[in-house]
Structures are given as C-alpha cells and as structure tokens.
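**Q** Chain by chain, the residues:
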Amino acid sequence: MVPTTYYLILSAVLFTLGALGVVLRRNVLIIFMSVEMMLNAVNLTFAALARHFLQLHGQIFVLMAMAVAAAEVAVGLAIVMAVVRHKDSTNVQDINLLKG
Amino acid sequence: MFLFIIFSLIAIVAAAGVILSRRPIYSALFLLVNFATLAALYIMLQAQFLAVVQVIVYGGAIVVLFLFVVMLLGGGELNARDDANPAGEDLRVRPAVRLRWPQITALGLAVLLLATVGYGLITGQLNPIQGDATTFGQGSVQAIGSVLYTDYLLPFELASVLLLVGMIGAVVLARPAE
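Line by line, the protein sequences give chains A and B.
Sequential numbering of the first sequence, starting at 1, is according to this note's numbering.
Sequential numbering of the second sequence, starting at 101, is according to this note's numbering.
Treat the hints as calculated values from the structure; they're not laboratory data.
It cannot be assumed that every hint is accurate.
To be clear about the criterion: a stretch of chain B counts as covered by chain A if any three or more of its residues have a C-beta under 8 angstroms from a C-beta of chain A, and this derived list gives those stretches [unchecked claim]:
no.	region
1	116–124
2	135–147
3	154–165
4	238–250
5	262–269
Over 12 angstroms on every C-beta distance to chain A, these chain B residues come out as not near it, computed from the model [to be verified]:
no.	residue
6	Ile-204
7	Val-211
8	Ala-274
Which chain A residues face chain B? A few, computed with CB under 7 angstroms, are given here [to be verified]:
no.	residue
9	Val-2
10	Pro-3
11	Leu-14
12	Leu-17
13	Leu-20
14	Met-66
15	Ala-74
Here a beta-carbon is modelled for each residue, glycine too, at the ideal position from N, C-alpha and C.
Just chain A, with the same shape it has in the complex:
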C-alpha cells in the first residue's frame, strides 16, 4: 500500500502547478483550466485522507466539490465567452475596465 504521504505530496505538486498556471499565464481559458487542476488536487487530498482514516466523509466531500466545480465551470465559461466576445481578446490584461 502506498503511504498517504505520497498522495499528499503529489496533490501539493499538482496544486502548485495549478497555482503557477493561474499566476503566470495570460490566456483566460488556461487560467480557468489551472483553477480546475487546483480543485482536482484538493479532491485527491480528500480521497487520500478518506482512505487514511477509513471514513467516507472525505469521499462525500469530493462528490460535493465535483458538483460545485461542474456548476462553476458552466457559469464561468458563460462569463468568459461573454467577456471575450465583447473584448475580442482572450488576454486577461485586456479586461481592465475597473482599473483605477
């Protein structure tokens, strides 16, 4: 059996890669994909700890997180499409109407 620590390390690496993608990339779709990768890393943490403590609460939380992620992706992509169609650019630095 693989120790739980290894799963937590893998989840931390995936979360860090997702965070790097959010911070370093300028394409709004790739930023969104990196956010989804962060959510997946957290789901992996929950599932690993559910197996570690032999309780199902972690897996139920993963189910709820997946439902939230699905709804968030639907609404988020609708927003992204509306904004990109209006601005005609997928660069997040062009979305600066609120800039002081």
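Based on the hints, put chain B in the right spot on chain A.
**A** Below, chain B alone, put in the same frame as chain A:
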C-alpha cells in the same frame, strides 16, 4: 508502488503541459490526461465511485465544455498564425500532425497511461479490493449511497439546487444581447 510512481509522473507531466502549452487546445487535452490519471489514482485509493464520477463529470463534461469554448473562441484552428505555428503555414496541405514537443509528449503520456492501466488491471494491482476487510468496499456505490442519502441528505439536495441554479445562470449569461 510502481503503479503509483508511473501515474504520478504522468499527472505531473500533464499538469506541466497544461500550464506550459502555447495553445489552449493543447492545454485542454493535457488536462484530460491529467483527469484520467487522477481517476486511476482514485481506484488505487479505494474510491471506485469517485473514479467513475471523475471520468464522467470532469473528463466527459468539464473538459468537453472547455473544448467547446476553445473552439468557439477561436483557439483551435490548425493553421492559425500563433506561437505554435509562427509561419502560419496551411496545415491542411502539409501534414497536420507535425511531431513537435506537445504532440510527442501528449502521445507518450496517453500511451503510457493506457499501458499502465492495462498492466495494473491484468496483474491485479489496480484492484480496489485490497488491504484488510475494513477498506474492502469503502468507496463502493453501496457505501457511498448509504451515507449520501442518510447523513449527507441536506448537502446532496443543496448540490442539486446548486446545479439547477448554475444551469439557469449559464443559459441567462449565454443569451445573445438584445
């Protein structure tokens, strides 16, 4: 352990591919490889139901949504003049599958993932029924169902309301401006 190392390497390389790809279409496909690898890891964690839901919801709905939006917003043309195709050459005339680094990496990851899953299933290492009797059937549909509809009934119903609200919101946001 060997299976875990291979799956984690695939997941990390696919995640790096997501954040380093020059085109969003490549990122979406690397993301799909990442989700599929996570589904295999869920099976190793005695979370069989979560593995199937991961493939269906994440791989079958969320990545498909991403691909739709990438295609609609113009990120998926083969011969677009961008960083991945600086010359702007018409890839419908020349061979469309030029083996550059994203293609090589993605092909290698996909073949490695399939081979590892196949190896794990054939040798029985990817079997969720391992460990002692307490972990047996921990992540099965019966176990999740018996908890989801009794202890977690309120979050379950709230999740369904959330999905309904999300659907209505997406329809409202995607209407053409009048």
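**Q** Each hint should be assessed against the structure and marked as holding or not.
**A** Taking the hints in turn, this is what the structure says about them:
{"no.": "1", "hint": "116–124", "in the structure": "holds (count 5)"}
{"no.": "2", "hint": "135–147", "in the structure": "holds (count 8)"}
{"no.": "3", "hint": "154–165", "in the structure": "holds (count 6)"}
{"no.": "4", "hint": "238–250", "in the structure": "holds (count 6)"}
{"no.": "5", "hint": "262–269", "in the structure": "holds (count 6)"}
{"no.": "6", "hint": "Ile-204", "in the structure": "holds, 20 angstroms"}
{"no.": "7", "hint": "Val-211", "in the structure": "holds, 21 angstroms"}
{"no.": "8", "hint": "Ala-274", "in the structure": "violated, 5 angstroms"}
{"no.": "9", "hint": "Val-2", "in the structure": "holds, 5 angstroms"}
{"no.": "10", "hint": "Pro-3", "in the structure": "violated, 9 angstroms"}
{"no.": "11", "hint": "Leu-14", "in the structure": "holds, 5 angstroms"}
{"no.": "12", "hint": "Leu-17", "in the structure": "holds, 4 angstroms"}
{"no.": "13", "hint": "Leu-20", "in the structure": "holds, 6 angstroms"}
{"no.": "14", "hint": "Met-66", "in the structure": "holds, 5 angstroms"}
{"no.": "15", "hint": "Ala-74", "in the structure": "holds, 4 angstroms"}
Hint violations for this structure: numbers 8 and 10, all remaining hints satisfied.
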